[in-house]
Each structure stands twice: as structure tokens, then as C-alpha cells.
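Taken in order, these protein sequences are the chains called A and B. Numbering-wise, this note's numbering comes out as the position in the first sequence, counting from 1, plus 3. Numbering-wise, this note's numbering comes out as the position in the second sequence, counting from 1, plus 642.
Where hints are given, some of them may not hold.
[Claimed, not checked] Covered stretches of chain B, as calculated for chain A (at least 3 residues, CB under 8 Å):
1) 726-732
2) 745-755
3) 833-846
By construction, these hints were calculated from the structure, which means they are not laboratory data. In this text the structure is predicted, and so the values were computed from the model without any measurement. Positions of the beta carbon are idealized from the N, C-alpha and C atoms, including for glycine.
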Amino acid sequence: MKIRRADPHTLLGAYALDALTEADRARFGRHLRVCESCRREAQGLREATAKLAAGTVTRPPDRLREQVLATAARTRQLPPPIRETSAWPGRRWGMAVACGLLAVALAVGGIAINTQRQLSQEQAHSRAIAAVLNAPDATMMTAQAADGGTATIVMSHLDGALVFTTARLPILPSSRRYEVWLMGSGGARPAGMLPAPHQGMTAPMVVNGLAAGDKVGLTVEPAGGASHPASRPILLLSLPV
Amino acid sequence: MSERQSWPSPGDREASPPPAHDQLPPELPGDLGGLLARVARGDQSAFEAVYDGVAGQVFGLARSVLRDPAQAEEVAQEVFLEVWRTASRFDAARGSGAAWVMTLAHRRAVDRVRSQQASAQREFRASSPEIDYDVVAETVEARLDAERVRKCLGALTEVQRESITLAYYGGNTYREVAGLLGVAVGTVKTRMRDGLIRLRDCLGVDW
Chain A
4 MKIRRADPHT
14 LLGAYALDAL
24 TEADRARFGR
34 HLRVCESCRR
44 EAQGLREATA
54 KLAAGTVTRP
64 PDRLREQVLA
74 TAARTRQLPP
84 PIRETSAWPG
94 RRWGMAVACG
104 LLAVALAVGG
114 IAINTQRQLS
124 QEQAHSRAIA
134 AVLNAPDATM
144 MTAQAADGGT
154 ATIVMSHLDG
164 ALVFTTARLP
174 ILPSSRRYEV
184 WLMGSGGARP
194 AGMLPAPHQG
204 MTAPMVVNGL
214 AAGDKVGLTV
224 EPAGGASHPA
234 SRPILLLSLP
244 V
Chain B
643 MSERQSWPSP
653 GDREASPPPA
663 HDQLPPELPG
673 DLGGLLARVA
683 RGDQSAFEAV
693 YDGVAGQVFG
703 LARSVLRDPA
713 QAEEVAQEVF
723 LEVWRTASRF
733 DAARGSGAAW
743 VMTLAHRRAV
753 DRVRSQQASA
763 QREFRASSPE
773 IDYDVVAETV
783 EARLDAERVR
793 KCLGALTEVQ
803 RESITLAYYG
813 GNTYREVAGL
823 LGVAVGTVKT
833 RMRDGLIRLR
843 DCLGVDW
């Protein structure tokens with residue numbers, strides 16, 4: 004089993020130095036779009052790295068100037084962009100989405116397009132999610148499942164709860180479903196069945212009753228669920244205390 | 643600042659020789675953002691001013707990362723065309739014009755190095771990390787602004803400094819830097835970030 008825990012903020016320095024691989028950079032770029040404080044810090048660090056270039060000043064060959072100006076003169080310019088800021092998932096919700104919640108925020112945004120029928124139930128659900136996301140100690144983790152796919156978890160000890168979403172988990176036969184567990188010193192406690200995926204992602208589920216020292220796990224169980232995990236977890240993540 | 647030499651304008655380029663290496667503008671023009679706004683509207687004289695203000699840095703940075711002057715020249719040309727083409731994307735609310743241009747330049751150089759670097763070359767780079775810093779240190783000594791950079795780099799811890807220089811001047815990823823320095827990947831990530839924060843504060847960056 005491969006478990007990866009990433010606080011994306013530690014990548015801010017590497018990002019500002021272009022020291023991320025392409026995949027890391029793309030992932031971090033998505034994170035920046037939903038994390039305003041990260042954007043601010045990244046800007047400041049970029050200003051610093053731009054100054055580092057002063058240490059390399061070298062006169063280019065004279066022909067470069069002519070080539071550049073001549074090529075520019077016959078190159079069409081891009082029109083001003085249509086700013087995408089108002090389309091950020093968090094904005095529509097009108098709440099300050101905590102940093103690092105892109106996956107969750109997108110999934111939460113998906114709730115809004117569900118049917119009217121369960122509206123009040125979903126509003127309660129959304130409030131529960133918002134409570135975790137906005138908790139002062141909200142922490143995000145991402146873990147990779149054994150057979151592919153990832154789980155993104157936002158947890159808050161203050162709230163005693165976590166929000167659990169997944170992306171790109173292997174599709175199961177209809178007789179089987181994913182079940183979420185909290186695993187503490189007293190053994191595994193069932194925390195609910197993972198909802199069916201929508202475009203590869205599962206809507207966020209709220210897991211309450213989080214205790215210090217718990218791990219969160221994911222197993223494949225019969226569709227009706229199980230009270231004890233019958234298989235090895237495909238994902239097991241220690242939560243920070 | 644009053645002694646700062648400006649680059650020759652197109653008209654007197656033939657008459658007066660370009661300034662010597664150590665007389666290049668020591669820092670980026672302060673109104674680069676304003677120039678870029680004009681470039682976005684198709685103003686070619688503003689574009690010339692942008693070129694004259696930052697060509698030494700763009701070319702120098704590309705040469706530092708790529709090592710090869712011919713490739714550095716190609717990258718510098720690509721960078722300036724991108725500046726011309728995408729100037730309307732520059733947003734002064736998100737950072738200075740200098741940071742915008744130098745970010746384009748550094749990314750281009752790094753992308754090129756990563757896309758074409760054969761594994762053999764990579765091993766060679768990995769075996770001679772000291773080259774990155776020495777080349778830089780040599781050119782840094784010449785200029786005032788560069789001197790400040792050097793002083794601020796010198797105030798960092800060794801791991802902070804080497805993490806930053808190997809990545810920025812050498813174009814290495816943080817994993818490669820970790821391998822070169824023989825320290826944990828997590829340590830490098832952390833040192834890059836706190837090193838840059840110290841550098842930012844030391845250089846008095848207003849962001």
C-alpha cells in the first residue's frame with residue numbers, strides 16, 4: 004500500500020523556484036487557484052526569485068535584439084483574458100474555503116446541482132461539511148489507494164469530524180462497495196459507505212466521532228456494508244493528533 | 643542609480659558600442675509593469691524598452707540554467723516573443739513586471755532543460771553541482787544589485803542556499819536537489835520555502 008501525505012504548502016518554495024516536476028506543478032497550480040494566502044506567498048517568493056536573476060546578467064548577442072523586435076512586429080498578440088476568478092468553486096458558495104480544499108470544494112459544488120427533493124437534507128450536509136472546512140484546525144491530507152485513485156480528507160479535531168472524498172478509485176461490481184472506517188485502539192468502527200462516484204469522484208461524506216489516534220481506512224465490502232472489515236484496507240491513513 | 647548606464651537605443655546602436663559587461667543595468671526598470679501595459683496595447687517602442695531593460699537578465703538566466711549560449715539565445719528569443727504575445731496576461735495586482743518576465747524566462751529555460759536532457763547529461767550535472775554555484779558567484783560579484791543578492795544568499799544556512807541556487811540557477815527539481823545534497827526530500831522542500839522567505843525579507847521585496 005502506498006500512502007502519500009502532502010501538505011501542499013510545503014511546496015511553495017519549490018514552486019517559486021520552478022523546482023517541481025510538471026505533474027507536481029500542475030497539481031500545485033490547481034491548489035493555488037483555491038488558496039488565496041498561498042497565492043500571496045507565492046507572489047512574494049516569486050519577487051524574491053526574480054531578484055536572483057540579477058546574479059546572472061550577461062549581455063546577449065546584438066543580433067538577438069533585432070531578431071526579437073523583427074519577429075514581434077509580425078506576431079499577433081493575445082487579447083486580454085477573461086478573468087476566471089468568479090468561477091472559483093468556493094466563491095459560489097460564498098464561504099471562505101480553507102486552503103487546500105480543491106477536491107473537496109469541487110465535489111461540494113457538485114451538490115448544488117443535485118435534485119431539489121433532498122434540499123434541506125443536503126443543506127444540513129453542506130453545513131456539516133462547511134463546519135469542518137472552516138474549522139481553525141482544518142487539515143487536509145491526500146492519500147493514494149493501493150489499486151489507484153486517491154482520497155482527500157479534511158479533518159478537524161475541534162469538530163471531531165472529517166470530510167472524505169475520493170477520485171478515480173477503481174470501479175467495483177454492483178455486488179461490492181467501498182466502506183470507510185475509523186480505526187483506533189479499540190478496533191475498526193464503520194464510518195459509512197462511500198457514495199457512488201460521479202465522473203470518477205465521490206461526493207464528500209462527513210464522518211463524525213473522530214477520536215485522537217484514529218486512522219481512517221477504506222475497504223471493499225459487500226454492497227450492504229459490513230460491521231467489521233472483511234478485507235485488507237486499500238487505503239489506511241494515520242491522522243495527525 | 644544616477645550612474646546607471648542605459649542600453650543603446652536603436653538609433654545610436656551603430657554609433658556607440660554597447661556597454662561592457664559590467665555596465666549593464668544593475669536592476670530591472672522600476673516601471674516595467676507600466677511598459678508591459680503599453681506592450682499589451684501593441685506599443686513597439688515600449689517593447690523595445692522592456693527588451694533593453696531585461697535582456698541581460700533573461701539571457702543570463704537562460705545561460706545559467708542551460709549552460710549553452712546558443713540555446714540560451716533561443717530561449718531568450720522565445721521568452722521575449724511570449725512577453726510580446728501575452729503582455730495582456732500580465733496583471734499588476736498579482737506581482738511586479740519583473741517577476742512576471744523573469745518567471746516566464748526561468749520556466750522556459752527549465753522546461754527546455756528538462757525536456758531535452760539526456761540521462762547521461764543529467765548524471766554529469768549531478769556529479770558536478772559546484773559548477774552551478776561557482777558560475778553564479780563569479781558573475782554576481784560584478785554588480786551592486788547582484789552584490790545584495792549575494793549578501794542575502796550568504797545570510798542563509800548552507801542547505802537553504804544550496805537548495806535555492808541548485809534549483810534556480812541550475813534548473814534542478816527539488817528531488818534532484820535532495821539527491822545532490824544528500825538530504826531528505828522533505829528537508830529540501832522546507833529549506834527552499836524558508837530560505838526564500840528569508841531571502842525575500844533580506845532583499846526588501848514589497849510583496
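Here's how the hints hold up against the structure:
1. Only when three residues or more bring their CB closer than 8 Å to a CB of chain A does the claim for the stretch 726-732 of chain B stand; here the count is 6, and the claim holds.
2. Look at the stretch 745-755 of chain B against chain A: 5 of its residues bring a Cβ nearer than 8 Å to a Cβ of that chain, three or more, so the hint holds.
3. Only when three residues or more bring their CB closer than 8 Å to a CB of chain A does the claim for the stretch 833-846 of chain B stand; here the count is 10, and the claim holds.
Figure legend: structure checked against the earlier numbered hints; every hint is met.
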